[in-house]
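**Student:** Based on the provided sequences and hints, a complete structural model is requested.
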Amino acid sequence: MSLSKVELKRHLQSLGIKTKGNYVRKSEIERIVANTKFAEVAWRFEDVQSLRPNWTKEQCEEWLGENAKWIEDAMLSAGWDAMSDLLTATEE
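By our numbering, the letter at position 81 of the sequence shown is numbered 81, and the numbering carries on one by one without gaps.
FYI, nobody ran anything at the bench for these hints, they're computed from the structure. Predicted model, so just to flag it, every value in this text is computed and none were measured. Errors might be hidden in some of the hints.
Taking lysine-lysine and the BS3-like style, the derived pairs with C-alpha atoms no more than 30 Å apart in a straight line are [stated by the list, open to error]:
1. K37 / K20
2. K57 / K5
3. K5 / K18
4. K20 / K5
5. K57 / K69
6. K5 / K26
7. K37 / K18
8. K37 / K69
9. K20 / K9
10. K37 / K26
11. K9 / K37
12. K26 / K9
13. K57 / K37
**Tutor:** And the structure:
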């Protein structure tokens, strides 16, 4: 996909990115980089329901709410393990 300068400027502005002429300001680039996430996971009721098909949406959401901290801790631990393993593999 190729955008004209005008289309690109409109697209950047629609994303809340301030431009100056045909350029993105350094402060905007720094703001974007500072807010960059490299991995994010979100669980929805459908995920639980795929494992418990007889549960209602409300039951699934309640279960997620009650177990959110445990799930978050497990995901963080798994993420650190994955990064450590990958970094170790690239050092060898």
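**Student:** Taking the hints in turn, state whether each one holds.
**Tutor:** Status of the hints after comparison with the structure:
At roughly 25 Å between alpha-carbon atoms, K37 and K20 fall within 30 Å of each other, so this suggested pair holds. For the hint linking K57 to K5, the alpha-carbon distance of about 46 Å lies beyond 30 Å, and the restraint is violated. Pair hint K5 plus K18 holds up; C-alpha atoms about 14 Å apart against a cutoff of 30 Å. A C-alpha spacing of about 12 Å is found between K20 and K5, which places the hinted pair at or below 30 Å, so the restraint holds.
Using a Cα cut-off of 30 Å, the hinted pair K57 and K69 holds, with the two alpha carbons roughly 20 Å apart. Between the alpha carbons of K5 and K26 the distance comes to roughly 18 Å, so the proposed pair stays at or under 30 Å and holds. Under the criterion of a C-alpha separation no larger than 30 Å, the hint pairing K37 with K18 is consistent with the structure, at around 20 Å. As the CA atoms of K37 and K69 are separated by approximately 20 Å, the hinted pair is consistent with the 30 Å bound.
Annotation: proposed proximity of K20 to K9 holds, straight-line Cα distance about 9 Å (limit 30 Å). The straight-line distance between the Cα atoms of K37 and K26 is roughly 19 Å, inside the 30 Å bound, and the hint therefore holds. A hinted pair counts as satisfied when its Cα atoms are at most 30 Å apart, and K9 with K37 qualifies at roughly 23 Å. At roughly 15 Å between alpha-carbon atoms, K26 and K9 fall within 30 Å of each other, so this suggested pair holds.
For the hint pairing K57 with K37, the CA-to-CA distance comes to about 29 Å; that is within 30 Å, so the pair holds.
Checked against the numbered hints listed earlier, the structure breaks hint 2 alone; every other hint is satisfied.
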